[in-house]
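**Student:** Listed below are the residues making up each chain.
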Amino acid sequence: MGPRDDRSGAPGDDPRTSAGGAPGTSGGDDTRRSRTPRGDDPRLSGRNSEHERERDRVRATDVIAEGVRGAEPGEIPQRLCVVAVKLLPVVGASVSLRSNGMPVRLSASSEEASRLAEVQATLGDGPCFHAARMGAPVLASDLTDGPDVLRWPVFAQQATAAGVQAVYSLPLGNDAVCVGTLDLYRDTPGALHDRELRTAQLVAGVMTVALMALPRGEDNGPDGDEPWLSGLATDYDEVYQAIGMIMAQLRVGADEALARLRAHAFAHNRTALEVAREVVSHRKKFDRD
Amino acid sequence: MTDEHPVGPARGERVLARIQTLLVEADRLEDFLQELVTLAAHSLPIEVYCSVTLAADGRDHPYTAAASHEIVDRFDQQQYAVGEGPCLQTLRTGRPNHVADVDQERRFGAFPDLARDNGLRSMLALPLIPPRQQVSGVMNLYSTEPGGFTRQVREEAAVFAGHASGALGVALKIAGHLQFSLDLQNAIASRTVIDQALGILMVQERCSAERAFEILTRASQQRNVKLRDLAHDLVESVGGRPPRAHPPTPRRGPPFGGRDDGFPPSDEG
Numbered sequence: 039m040g041p042r043d044d045r046s047g048a049p050g051d052d053p054r055t056s057a058g059g060a061p062g063t064s065g066g067d068d069t070r071r072s073r074t075p076r077g078d079d080p081r082l083s084g085r086n087s088e089h090e091r092e093r094d095r096v097r098a099t100d101v102i103a104e105g106v107r108g109a110e111p112g113e114i115p116q117r118l119c120v121v122a123v124k125l126l127p128v129v130g131a132s133v134s135l136r137s138n139g140m141p142v143r144l145s146a147s148s149e150e151a152s153r154l155a156e157v158q159a160t161l162g163d164g165p166c167f168h169a170a171r172m173g174a175p176v177l178a179s180d181l182t183d184g185p186d187v188l189r190w191p192v193f194a195q196q197a198t199a200a201g202v203q204a205v206y207s208l209p210l211g212n213d214a215v216c217v218g219t220l221d222l223y224r225d226t227p228g229a230l231h232d233r234e235l236r237t238a239q240l241v242a243g244v245m246t247v248a249l250m251a252l253p254r255g256e257d258n259g260p261d262g263d264e265p266w267l268s269g270l271a272t273d274y275d276e277v278y279q280a281i282g283m284i285m286a287q288l289r290v291g292a293d294e295a296l297a298r299l300r301a302h303a304f305a306h307n308r309t310a311l312e313v314a315r316e317v318v319s320h321r322k323k324f325d326r327d
Numbered sequence: 154m155t156d157e158h159p160v161g162p163a164r165g166e167r168v169l170a171r172i173q174t175l176l177v178e179a180d181r182l183e184d185f186l187q188e189l190v191t192l193a194a195h196s197l198p199i200e201v202y203c204s205v206t207l208a209a210d211g212r213d214h215p216y217t218a219a220a221s222h223e224i225v226d227r228f229d230q231q232q233y234a235v236g237e238g239p240c241l242q243t244l245r246t247g248r249p250n251h252v253a254d255v256d257q258e259r260r261f262g263a264f265p266d267l268a269r270d271n272g273l274r275s276m277l278a279l280p281l282i283p284p285r286q287q288v289s290g291v292m293n294l295y296s297t298e299p300g301g302f303t304r305q306v307r308e309e310a311a312v313f314a315g316h317a318s319g320a321l322g323v324a325l326k327i328a329g330h331l332q333f334s335l336d337l338q339n340a341i342a343s344r345t346v347i348d349q350a351l352g353i354l355m356v357q358e359r360c361s362a363e364r365a366f367e368i369l370t371r372a373s374q375q376r377n378v379k380l381r382d383l384a385h386d387l388v389e390s391v392g393g394r395p396p397r398a399h400p401p402t403p404r405r406g407p408p409f410g411g412r413d414d415g416f417p418p419s420d421e422g
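Taken in order, these protein sequences are the chains called A and B. Counting from 1 along the first sequence, just add 38 to a position and that's the residue number in my numbering. Counting from 1 along the second sequence, just add 153 to a position and that's the residue number in my numbering.
Hints were generated in silico from the structure; no laboratory data involved. C-beta: ideal position from N, C-alpha, C; glycine also. All the pointers check out, no bait thrown in.
Per the computed footprint, the stretches of chain A lying under chain B, defined by three or more beta-carbons under 8 Å from a beta-carbon of chain B, are:
{"hint": "1", "stretch": "135-148"}
{"hint": "2", "stretch": "278-286"}
Residues on chain B that point at chain A, a partial pick, calculated with CB under 10 Å:
{"hint": "3", "residue": "335"}
{"hint": "4", "residue": "336"}
{"hint": "5", "residue": "341"}
{"hint": "6", "residue": "346"}
{"hint": "7", "residue": "351"}
{"hint": "8", "residue": "361"}
{"hint": "9", "residue": "362"}
{"hint": "10", "residue": "393"}
{"hint": "11", "residue": "396"}
Using the sequences provided together with the hints, build the complete structure.
**Tutor:** Written out as structure tokens, the structure reads:
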């Protein structure tokens, strides 16, 4: 599967039922081997037999069940990021919520993964934006060279500087509604094979359900209900509070406020979240020109 | 739709394959049901009108979810209004009802006259019982000819309805999941606009987020306006336009370029 084949298995392939789905069946995949084959795992690309699919699914389900055992609902997104790293040829995973404006990282498997999610959010560009827009997985298999670099030049440069050479982004939600993305980071260039993509989609499906299962109150209500995502989404709150503050400081709309936040972050080589924190703590003020 | 009409098991399998295809291709429950009634209307040995009635368990309000022709949509409404007829009977009992000729029909009160007035002379109501769903339904088949539903037609229709029941179960499950995602999207959108309003108050009142939240919730209680609505108004008054309710719906198109229209860059930043 080439870097541009990101749609081959994806659209219409419901992540929730990815085990039954049939992403691209291009025979070329069979000739390509994973770079780091290790023992028992599904990374070895092989024939896409029903038997293999079933085995992959069972194994993934086992690892997921093990990974989330004993976790509070609020911990599950982070645990699932770790599970994704265990199951797939990637070194990091992050999950971001998407709203109007900037996607905000909810959890990540590691600091590095967290950082890359923030880089994409700050730039407003990268595979996760494309995945959310298309409602389909986007596989940027080589950020060191070729079409992916042309497509996301700045992100590719920042990702490779951070030691990541391939990024795979899977939409969360379903065909009609995208509520966020699961982003996977790999330290070498390489495609995600059909079997791996199915496994990734399975994890994304479980992640979607996990997000839905998080406690939520009506409208962050004042009635003592626990607000939805409480504790988990402090970053989210800070980013959008900062946008509100910039709106008030500059008398501009939300889009313009976000653009200013991003521009400032980019110009100062920081992430949008870092700048947002300074804004909400009244350390940074945007002034009208 | 215009194929020859094979008979027997081959035909049943073909119908099943068609229904499964509809299920895969339809994006929404309504689309699936619309295609289903169209298929039913044309795949039996006689031309019929078809509609699907659904009712949530424990509720008294059946509704026509899809109809192959306007005339049966309208007729179903009249049937619900008079509260009698084969469809409603089937909905209650889960058993099929066959009216061979409205002129000979003694059951169903005002229904036979109503049917005749609409030019419908015979009909068959078949239960749709999707597995593990809190919804039941009826597939209504109407013919403008008396005696249209011969034994063979009834048998084939029953096979069709059996396949349709299973497919409807899957369609409802998918629709339920869609609703779930919409709820989640709403929760995110709600939080977004409230956070933005808090930020505005933090500047206007030179205060912390906690204090801004107190101010907003108190105003919400005093004015008896939902927190989200109040936040929405505040964001609109400062931003100059209402906050967008939702991010754009994902579109499927070529992976790179070509279909980005409709997604202004401002949507993402």
